[in-house]
Structures are given as structure tokens and as C-alpha cells.
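J.: Here the protein sequences line up with chains A and B, keeping their order. Position in the first sequence counted from 1, then plus 7, gives you the working numbering. Position in the second sequence counted from 1, then plus 1, gives you the working numbering.
Since the hints were derived computationally from the structure, they do not count as laboratory data. Any given hint could turn out to be false.
[Claimed, not checked] Distance condition first, Cα-Cα at most 35 angstroms in a straight line; then the derived DSBU-like pairs of lysine-lysine: (1) B:K59 with B:K195; (2) A:K74 with B:K5; (3) B:K27 with B:K195; (4) B:K115 with B:K90; (5) A:K146 with B:K5; (6) B:K5 with A:K77; (7) B:K195 with B:K119; (8) B:K206 with B:K195; (9) A:K13 with A:K77; (10) A:K146 with A:K74; (11) B:K5 with A:K13; (12) B:K59 with B:K186.
[What the hints assert, rightly or not] Covered stretches of chain A, going by a simulated chain B footprint (3 or more residues, C-beta under 8 angstroms): (13) 29 to 39; (14) 65 to 77.
[What the hints assert, rightly or not] Quick list of simulated restraints, FRET-style, between CB atoms: (15) A:N19 with B:K27: 32 to 42 angstroms; (16) B:D165 with A:G99: 41 to 51 angstroms; (17) B:Y26 with A:S137: 18 to 28 angstroms; (18) B:R180 with A:L95: 35 to 45 angstroms; (19) A:I144 with B:V7: 15 to 25 angstroms; (20) A:L62 with B:K81: 52 to 62 angstroms; (21) B:P88 with A:G99: 47 to 57 angstroms; (22) B:S24 with A:I143: 37 to 47 angstroms; (23) B:I10 with A:S137: 14 to 24 angstroms; (24) B:K81 with A:M42: 30 to 40 angstroms; (25) A:G99 with B:V14: 29 to 39 angstroms; (26) A:V125 with B:A12: 23 to 33 angstroms.
Quantities reported herein were computed from a predicted structural model and do not represent experimental measurements. Glycine residues also receive a C-beta, built at the ideal position from the N, C-alpha and C atoms.
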Amino acid sequence: MPTQTKAERDWNLLFACWLIASGSALGSLFFSHVMGFAPCVLCWYQRIALFPLVLILPMGLFPLDAKAAKFALPLTVAGLLTAIYHNLLYAGLIPESIQPCAQGVSCTENYFELFGFVSIPMLSLLALSSMTALLIIVKRRND
Amino acid sequence: MNRKMVFGISAIVLVAGFVIASSLYKSQRAEKLGFMAQESASTFIRDHSPMLGDAGAKVYIVKFTDPACETCAVFSDFVKQAMAAYPGKIRLVIRYAPFHEGSSDAVRILLAAKKRDKFWETLDVLYASQEQWTQHHQVMVDRVWPLLARAGLDVAAIRAEVNDPEMNRIIQQDLTDARTLDVRKTPGLFVNGKPLEPFGAREFKELIESELRSNYPELTR
Chain A
8 MPTQTKAERD WNLLFACWLI ASGSALGSLF FSHVMGFAPC VLCWYQRIAL
58 FPLVLILPMG LFPLDAKAAK FALPLTVAGL LTAIYHNLLY AGLIPESIQP
108 CAQGVSCTEN YFELFGFVSI PMLSLLALSS MTALLIIVKR RND
Chain B
2 MNRKMVFGIS AIVLVAGFVI ASSLYKSQRA EKLGFMAQES ASTFIRDHSP
52 MLGDAGAKVY IVKFTDPACE TCAVFSDFVK QAMAAYPGKI RLVIRYAPFH
102 EGSSDAVRIL LAAKKRDKFW ETLDVLYASQ EQWTQHHQVM VDRVWPLLAR
152 AGLDVAAIRA EVNDPEMNRI IQQDLTDART LDVRKTPGLF VNGKPLEPFG
202 AREFKELIES ELRSNYPELT R
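Next up, chain A with everything else stripped away, as it sits in the complex:
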């Protein structure tokens, strides 16, 4: 197998990031539109960070522009911070009394747990942290 050039590797990393973003966006739409789970406020903040990536990242893929990582990172970091907060809240490590979503759907509502522990906030955390990691790698390689 021929060794990848730097440009190929950058492209692959950004593409992997786009795959995660698109899969997560469709997954969250599946939860809300198909299964009928109403997204809570924190879920919406994470979606705001997630959805634009689906459209922005391809702009860095065609033609390859590693700067896309720089522009996408603020979104994934903001989403990741929200996801961390959401997971702490969900796990009960932050008391419910200070949660910002008293009205509407509770952010600790347990809609769905895959294998008993993979919750929706957990899926979001996994997606946002892996995308952040990929984008940091791309950015470091091009700084």
C-alpha cells in the first residue's frame, strides 16, 4: 500500500469528521422527527453546533483546504462544552436545581439508553469529542 501524502491524510481526516457530523445530524433528526422525542434546550445548543458542520466541512474537502479545521473547531468546541455540561447534568453530578431548562423538556429526561448506558447526551459527547480531536489534528498538522 503506497504511503499517503500529507494532503491525502488531511483530506481523510476532514472527511472522517464530516462522516461523523452527518451521521450524528441524521441520527438526531431520527430521534426528534421519526421517534418523536422532543429535544431539550441543551440538545438544541449541541445541534446548533453540529448541523453547520455538515455543510461547512465539504467546503474544505473540495478542493482540499485544511483551514476548514480552523473554522469548524469553534463549533465543535462550543458543542463539546455543552455536551460535557449536559452529561454531568444527566449523570446527576450537577444538581438539577441549577439546570437552565426548567420549562419544556427536561434535559435529564431518559428517552433512550443503548445497552443500558449509552444515552443520547452520551452519543452527542462521543461525536463532538471525536470531531474536535480530528479537527485539532488537522489544524496542528497545518499550523
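Once you've looked at the hints, dock chain B against the given chain A.
T.: Relative to chain A, chain B alone:
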């Protein structure tokens, strides 16, 4: 394979996956009979619950009834009118809520009749003759026996069966479900899981019609 193809195929696979998963999920839900997709489905309909009407109907009326309840008898006619007006589109499910004193005896008769496929005839006879076997909201089961012949039942055989302990379990299950669903008066009516609130004949017709419209879009044309 060039990058654009990889990207394009990935996008198509993702969207196709979404579409397929959605339709799979929806058909699975449809199989579980509309509103019963929700986890509380079995609270509305148990395996022992008698059902009337087309199995493919999309509008389910769940009626918690007491055979001695006069309003239940009146609403029975409303249900029949709606089912006649929209053939094949409405299904009726009967649940037992014997709140009157002695009513569970009447429910036992219905359960025995159900085994002989005479449930609906017997229910109609009981509704129609309420004033003959109830007095001051109490059921006098001895006055029910002579009426059963009208439903084509063998009275002696029914009398021998009404002490089946399995019947207690069924009645208790229905009473538990009634409590879960906040049914405290009869008839307790639900149309596709939506409770009849506020209670009323006109409200009932409107609720049925709104469920018919949302499940049969062709009716709105």
C-alpha cells in the same frame, strides 16, 4: 475511486440509511396499532379485551364500561352510529370498569358469553334491560339470568361458569388499568389513546371525527 465519488456515495448511503431506518421504524410502529406504539399500549388493550370492527381500522375507541352504567348504554349507541357511518375505519375495544355495587357479577356473565362468541349480543341485552336488573345503582344478578336467553345464551351453562377464578384476574387487570389511565367514572372513553375531555356526546363525536380526519386524509376532501 476519486474523492468526489467517495463523498457522493457516502452522502447517498447516509441519506438512504436514514430513509430506510425511518420507514422500518414507522412500519414497526404501525404494526403495533398507531397509538399503541407508545409503551402504555397494553394499558389500553389487553389480550382478553373484546374488540369489534375491522382489524385494519385506524381509529380505536377504548371504552371502560360498567354494564350497569346508563351513560355507557347511551354511548354504546353513539359508537354504533359512528361505526356505521365510517365502516371499516373504527374499532371498539371494551374494558371492564365495574364500579357499581355487584357489577362484577354482570362482567362475569359477559366473560362467560365471550367464550361462546355471544359477547356483543349479551352486552346489548344488558345495556337495553338495565332498569330490570339494577336498582338504586345496585346490580341484582338474579334478575339478569332470565334475560340472557334473549342473547341466545344457555343460562344454565353460563351460571356454571361465572365462578372461574381466571375472571377475577381479568377484572382486576382492567380495574388496575383504569386507575393507571385515571378512569374514575364510566364510560371512560379514549379515542386513539386520547381521553374524552371534557365529557359529552358532542365532544365524543368531535373527537372521533378529528381522529378519523387525521388518520384518513381522504375524508377531509
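J.: Give a verdict on every hint.
T.: Hints, one by one, checked against the model:
1. B:K59 with B:K195: holds (14 angstroms)
2. A:K74 with B:K5: Judged against 35 angstroms, a Cα distance of about 19 angstroms means the pair holds.
3. B:K27 with B:K195: Distance ~20 angstroms between K27 (chain B) and K195 (chain B) Cα, so the pair holds.
4. B:K115 with B:K90: holds (23 angstroms)
5. A:K146 with B:K5: holds (23 angstroms)
6. B:K5 with A:K77: holds (22 angstroms)
7. B:K195 with B:K119: holds (29 angstroms)
8. B:K206 with B:K195: Holds. K206 (chain B) to K195 (chain B) sits at ~13 angstroms (cutoff 35 angstroms).
9. A:K13 with A:K77: Holds. K13 (chain A) to K77 (chain A) sits at ~17 angstroms (cutoff 35 angstroms).
10. A:K146 with A:K74: It holds: about 7 angstroms lies between the C-alpha atoms, which stays within 35 angstroms.
11. B:K5 with A:K13: Distance ~18 angstroms between K5 (chain B) and K13 (chain A) Cα, so the pair holds.
12. B:K59 with B:K186: Roughly 26 angstroms separates the two Cα atoms, so the pair holds.
13. 29 to 39: holds (count 5)
14. 65 to 77: With 3 residues in contact (Cβ-Cβ under 8 angstroms with chain B), the coverage given for the segment 65 to 77 of chain A holds.
15. A:N19 with B:K27: 32 to 42 angstroms: Given about 35 angstroms between the Cβ atoms, the range holds.
16. B:D165 with A:G99: 41 to 51 angstroms: holds (49 angstroms)
17. B:Y26 with A:S137: 18 to 28 angstroms: holds (26 angstroms)
18. B:R180 with A:L95: 35 to 45 angstroms: Because 38 angstroms falls inside the window, the suggested range holds.
19. A:I144 with B:V7: 15 to 25 angstroms: About 20 angstroms separates the Cβ atoms of I144 (chain A) and V7 (chain B), which means 15 to 25 angstroms holds.
20. A:L62 with B:K81: 52 to 62 angstroms: At 56 angstroms between Cβs, range holds.
21. B:P88 with A:G99: 47 to 57 angstroms: Given about 54 angstroms between the Cβ atoms, the range holds.
22. B:S24 with A:I143: 37 to 47 angstroms: The hinted range 37 to 47 angstroms holds for S24 (chain B) and I143 (chain A), with Cβ atoms some 38 angstroms apart.
23. B:I10 with A:S137: 14 to 24 angstroms: At roughly 22 angstroms between Cβ atoms, S137 (chain A) and I10 (chain B) fall inside 14 to 24 angstroms, so the hint holds.
24. B:K81 with A:M42: 30 to 40 angstroms: Since the Cβ atoms of K81 (chain B) and M42 (chain A) sit about 37 angstroms apart, the hinted range of 30 to 40 angstroms holds.
25. A:G99 with B:V14: 29 to 39 angstroms: holds (38 angstroms)
26. A:V125 with B:A12: 23 to 33 angstroms: holds (26 angstroms)
Going through the hint list in order, the structure satisfies each hint without exception.
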